[in-house]
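Trainee: Line by line, the protein sequences give chains U and V.
Okay, so the first sequence: first residue is 1 according to the numbering used here, each after it adds one.
Okay, so the second sequence: first residue is 1 according to the numbering used here, each after it adds one.
Bear in mind the hints are in silico, worked out from the structure with no lab data behind them.
Any given hint could be a false lead.
To be verified - Below, a list of computed lysine to aspartate or glutamate pairs in the DMTMM-like style, where the Cα atoms sit at most 20 Å apart:
(1) K181/U to E115/U
(2) K50/V to D155/U
(3) K204/U to E115/U
(4) K103/V to E283/U
(5) K50/V to E61/V
(6) K50/V to E64/V
(7) K108/V to E115/U
(8) K147/V to D155/U
Computed from a predicted structure; not experimentally measured.
Listed below, chain by chain, are the residues.
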Amino acid sequence: MTTADATAQPIDSQGMNYLVSLPRRIVTIYLPLGAFLFVLLFPFYWMAMTTFKPDEELLSHEGNPFWVKNPTLAHVKKLLFDTPYPDWLWNTVLISVVSTALSLFCSVLAAYAIERLRYRGSRYVGASIFLAYLVPPSILFIPLATMVYQLNLFDTRLALILTYPTFLIPFCTWLLMGYFKTIPFELEECALIDGASRLQILVKIVLPLAVPGLISAGIFAFTLSWNEFIYALTFVSSSEVKTVPVGVVTELVEGDVYHWGSLMAGALFGSLPVAALYSFFVEYYVSGLTGAVKE
Amino acid sequence: MPSASSAFSRALDNRNVLGLLFMLPAAALLLLFLTYPLGLGTWLGFTDTKIGRAGAWIGLENYEFLWSDAVTRLALFNTLFYTTIASVIKFALGLYLALLLNKRLPFKAFFRAVVLLPFIVPTALSALAFWWIYDSQFSIISWVLMKMGLIHRYIDFLGDPWNARFATIAANIWRGVPFVAITLLAGLQTISPSYYEAASLDGASPWQQFRHVTLPLLTPIIAVVMTFSVLFTFTDFQLIYVLTRGGPLNATHLMATLSFQRAIPGGNLGEGAAIATAMVPFLLAAILISYYGLQRRAWQQGTADK
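Use the sequences and the hints to build the structure in full.
Mentor: Here it is, written out as structure tokens:
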């Protein structure tokens, strides 16, 4: 099964659906679907409500908790001006962009070599890329922490930029291998006969044809690095270099009195950028997700 | 010199040389930061390394200690319990949601996009939202149940061992169902509608269509999706770290969180690495069982060539 299928027109597999009456459809389809959507989206709704609720409403057991009576920006203001949150946002953007770009560069070359140059042993390398994809960060972070320390990278952004590719490269390479596979060999053969070098073929023929794959891999890698937690928690300790997920969890949770408003504001604004990016590229994201699984 | 440069360009025409050159950046990063730490982690598990102090080889001592350590045993039980319950429910709900989304629906693309949101946003941040939803004094769930008259006291979601286990499992399911549903939906969309038409002309009930058409054709992708799902769940860290830090009474400690706790705040890198290494056999077993088990069934039914 090729990755191109993932973006193909969905086939309506219930060809005789029209035979089912409307009341029946409501009970068997719309009600369960509504329940799913409610549960899946409620935490986000709750994040947003909490962000804009004044403290009195948050800590009161009276009234309707599902709506906010006197919306306030106090929590957002506190988050943006009294905490290092803007620094964390900047760090997260910087680290995600650089590690994604680095991983894409490495992955394009590797995927092209494995899939198209077919050098001796490339099949085994391809299989080991898949295995590398299955290695979870939770078993790598301790040895990586000792390495980061020995390389004098502890508490630097570079530590994260260099370690994120360990899960990004296997993923991107695997995904791009699937895309390169769908590009006809004949195009490359023509170019070879015309005297193009392999590098020219890669840059001028293969990459333009693989743009959807590059976007999928890029978007996916960006959200993976944005969401990364355990490495960022372990390899960084000063506030100035923390990423949003780690900063919010370790620094906004203070003492016994939780500032739920600013905490939820931090969670909301840390989620919005990836959600926005995702909403622009849903199809690419989904094809990246399903493509990586289906190969 | 022309001869030297032509020898160089001839070498670049050789696919083995060029292949090696192209592999270099990826291979260097992966060997240095993936393969080497894998080995280093295993080695650390056999030493008494502490933070700030190089360790000496102590053989199996870490593993002997961990085997007799009640907390580690509890963490192992928790991890298996967490993984099993969460994966089974994620599969059931994910498949159900995928089947619903595969029906003829208005705004189908919109629904599909929205459903995936829990999977997109940082888990640490959505876990914070769950932390607030599970709060012992201001939980919205408790509030609703109180108003409905079903309970008389606020539920202590994260303070009681079994409540905490199920609360964390629920949050994990919330995050995992979209992944299972969307990937299975992609599988469902590749099944030709003509199979269903043929089956319904032969008088097959919806259940029989599902059992004898959908399920066999979906088995290969179910195998892969569930392998990933089990892998993610078994090695889960962020959700537990944010919601409970392993508490109460270590009731929600997973292997990953315990290994972090012992290694980083506790300073016993060797012991933490041993716990992390101990996860590997379980992971391999999970991969082998879910992958080959289901793969072979698919092969017997003649759909191996996907």
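Trainee: Would you mind confirming whether the straight-line C-alpha gap from K50/V to E64/V stays at or under 20 Å?
Mentor: 18 Å, holds
Trainee: Assess, step by step, whether the Cα of K50/V is no farther than 20 Å from the Cα of E61/V, and give holds or violated.
Mentor: 15 Å, holds
Trainee: Given the hint that K108/V pairs with E115/U, test it: the Cα-Cα distance must not exceed 20 Å.
Mentor: This hinted pair is violated, its Cα atoms lying about 35 Å apart.
Trainee: Holds or violated: K147/V with D155/U, Cα cutoff 20 Å?
Mentor: 49 Å, violated
Trainee: Just to be careful, I want the Cα atoms of K50/V and D155/U compared with a cutoff of 20 Å; is the pair within it?
Mentor: 19 Å, holds
Trainee: Is it true that the CA of K103/V sits at most 20 Å from the CA of E283/U?
Mentor: Status holds; Cα separation ~19 Å.
Trainee: Is it true that the CA of K181/U sits at most 20 Å from the CA of E115/U?
Mentor: 7 Å, holds
Trainee: Holds or violated: K204/U with E115/U, Cα cutoff 20 Å?
Mentor: Given that 20 Å is the threshold and the Cα spacing comes to 17 Å, the pair holds.
Checked against the numbered hints above, the structure breaks hints 7, 8 and satisfies the rest.
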